[in-house]
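A.B. asks: Given only the sequences and the hints, what does the whole structure look like? Please build it.
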Amino acid sequence: MTTTAIEARAVTKRFGAGEITALDAVSISIAQGEFFTLLGPSGCGKTTLLRCIAGFETPTDGAILLSGSDITASPPNKRNVNTVFQSYALFPHLTVAQNIGFGLKMRGDDAAKVDKRTEEMLALVKMEQMASRRPEQLSGGQQQRVALARALAPAPEVLLLDEPLSALDLKLRKEMQSELKRLQSETGITFVFVTHDQEEALTMSDRIAVMSHGQLQQVGSPREIYTRPVNRFVADFIGETNFLEAEAKGDSVTLSTGDTLPLPGAGTGPITLAVRPELLRLTEPGEGDLTATVRDSVYFGTDWHCHLLLSDGTEVVARMQSPPTGESGIGKGQPVGLAFAPGALRVLED
Amino acid sequence: MATKPFSVTRLPGFGAIAIAAFIALYAPIITLVVYSFNAANSVAIWGGFSLDWYRLAWENDQVQQAAIRSLVIATFAAGFSTLLATLAAVGTTRRGRFKGQTIIYVMINQPLMVPEIVTAVALLILFGAIRTATGIQGLGYLILAHTAFCIPFAYLPIRARLEGMDMSLETAAADLYATPWQAFRHVTLPLLAPGILAGAMLAFVISLDDVIITEFVKSAGQDTLPTYMLGQLRRAMTPEVNAISTALLVLTVLLLTGFFLITRGRQN
Ligand SMILES: Nc1ncnc2c1ncn2[C@@H]1O[C@H](COP(=O)(O)OP(=O)(O)OP(=O)(O)O)[C@@H](O)[C@H]1O
Ligand SMILES: [Mg+2]
Chain L
1 MTTTAIEARA
11 VTKRFGAGEI
21 TALDAVSISI
31 AQGEFFTLLG
41 PSGCGKTTLL
51 RCIAGFETPT
61 DGAILLSGSD
71 ITASPPNKRN
81 VNTVFQSYAL
91 FPHLTVAQNI
101 GFGLKMRGDD
111 AAKVDKRTEE
121 MLALVKMEQM
131 ASRRPEQLSG
141 GQQQRVALAR
151 ALAPAPEVLL
161 LDEPLSALDL
171 KLRKEMQSEL
181 KRLQSETGIT
191 FVFVTHDQEE
201 ALTMSDRIAV
211 MSHGQLQQVG
221 SPREIYTRPV
231 NRFVADFIGE
241 TNFLEAEAKG
251 DSVTLSTGDT
261 LPLPGAGTGP
271 ITLAVRPELL
281 RLTEPGEGDL
291 TATVRDSVYF
301 GTDWHCHLLL
311 SDGTEVVARM
321 QSPPTGESGI
331 GKGQPVGLAF
341 APGALRVLED
Chain R
1 MATKPFSVTR
11 LPGFGAIAIA
21 AFIALYAPII
31 TLVVYSFNAA
41 NSVAIWGGFS
51 LDWYRLAWEN
61 DQVQQAAIRS
71 LVIATFAAGF
81 STLLATLAAV
91 GTTRRGRFKG
101 QTIIYVMINQ
111 PLMVPEIVTA
121 VALLILFGAI
131 RTATGIQGLG
141 YLILAHTAFC
151 IPFAYLPIRA
161 RLEGMDMSLE
171 TAAADLYATP
181 WQAFRHVTLP
191 LLAPGILAGA
201 MLAFVISLDD
211 VIITEFVKSA
221 GQDTLPTYML
231 GQLRRAMTPE
241 VNAISTALLV
251 LTVLLLTGFF
261 LITRGRQN
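Chain order of the listed sequences is L and R. 1 is the number of the first residue of the first sequence in full-length UniProt numbering; add one for each residue after it. 1 is the number of the first residue of the second sequence in full-length UniProt numbering; add one for each residue after it.
Honestly, the hints are just simulated from the structure, not real lab data. Careful: at least some of the hints might be erroneous.
Stated by the list, open to error - Which residues of chain R face chain L? A few of them, derived with a C-beta cut under 10 Å, are:
#1 T31
#2 S168
#3 L176
#4 Y177
#5 T179
#6 V187
C-beta atoms are modelled at their ideal positions from N, C-alpha and C, and glycine is treated no differently.
C.D. replies: And the structure:
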């Protein structure tokens, strides 16, 4: 059985005179040792949730539990939770080593223990050479490592990371992504990671919570979120998705094009289907499940994105792997057939 | 062809006006300094170089006492006003914007707005009443008055420094188990130190320089250097006053240079 590190119980946070609802009854349970990601567009409340967990904001309603005990009313310095800030917030008047040792010193550890732990942390983030430098003498990536080491030094139960990689360039970002994964598995600390980069979320997380307008849309493993999005928002936000309007008739669906396809357990009434572009296959005209016309095709190196028009004018995108020659072999206006991979059609909840 | 952007430096007569302005600014001071080295007994007729007036001023008991009094008052006033200004600055900036913030700023900066002579008269009346009622004498009244009008001068550089300081640093400190006091002591205060020092130096100079309020508030025998000089001018003018002025000028320039070095240092 896994133990719960952080639990949010119907956490609501309103700002101003109550007119801004940043969090709307958010309930999440994050397991001990998990790499948990909060994903969502700008303004959806990711930072606010993190700040509520860290203690910088007090929820308007609801409770926050750390290892089972209610910490909703404790100040930040009484919570065994540390944060890696987006701006790093390193203390400019302290050296790298003093920055890393700050939390331990404030907590009242004796000097020998602080020094020992600081050295361990410097080694962990490979910054031994920089111990006596000031933050201003470090590159962005190095500052990032110091911020990580500083937050990990007191061995918190949970580490909160608010878009820690967004200030780094692409290459450094990739490097730090694997660095973060390494640090997490080496320390075994629960990571709550905020990003609005879906690829970052998919590649790094054990579980992802997708948020929108202060509400939790879906919580699940990257594969669950990607292959079984519960609603249009999640399907649209994570990866590319084609939406098809249809009428469900028990174990089959009739698309807006008039074609009927088998789909066990589709229910009845109007529904929206989601199909990933890579689960659509182009066929000879007349074969496959539907007919379509090529509107345009765009070369992406590894694959081609074919923009197709269905017979009723619905636009869909199909992705096909580039052949060795790089040629797609299809031209504008060409009629094609379209086949769905088995299980490609997903019924959305709304 | 690109036309040159407008520049005031290319207007006709710019050079001449600039030179005239500099002469107006510095000629009186240069004259004052030069005549402090006059061997003759005059502040207008040159009689050769000598340091006699400096020696005379240095050996003059009244000057010595006034100088010591000035320094004591300035030290206490700068200390107290800087302490109060630091508290005020932390209170007004280490938080989000709040209702009435501008009013608070205006109120803290009251001494910059109320004419000094008005404050002087008000203090004369108030302190006079207190003196009669309690019988308490001493430098306390002057220190109190100086502290009050020095507050805005100490407050401004401290507030400027605080406003340039990221609030997330204190948040980070709290996140790392620092109590509010520890966060202040280990993060805010060390980062604020240059602002505090700059504020204290400015307050010190302002106190050292004050005439009007001191003249009204002081009791008999409580002359500071500036009021002593004012008293001297009513009698015979000798280059001794020039010598004292020059010494005061040097001290002020040194302190202000220090102030500018500190405040400039924070921008890089
Ligand atoms: N202190 C505040 N006062 C008023 N409104 C706030 C405050 N903090 C956040 N909000 C509002 O709450 C909502 C959620 O903000 P939050 O910072 O949590 O978003 P986010 O998901 O972190 O966005 P981003 O990806 O841009 O960082 C936004 O609409 C924001 O304007
Ligand atoms: Mg945010």
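A.B. asks: Are the hints correct? Go through all of them and say.
C.D. replies: Okay, the hints, checked on the actual structure:
1. T31: Hint violated; T31/R Cβ to chain L Cβ min 46 Å, cut 10 Å.
2. S168: holds, 4 Å
3. L176: Cβ of L176/R sits 4 Å from chain L, so the hint holds.
4. Y177: holds, 4 Å
5. T179: holds, 6 Å
6. V187: V187/R check passes; min Cβ-Cβ to chain L is 6 Å, inside 10 Å.
Taken one by one, the earlier hints fail for this structure only at number 1.
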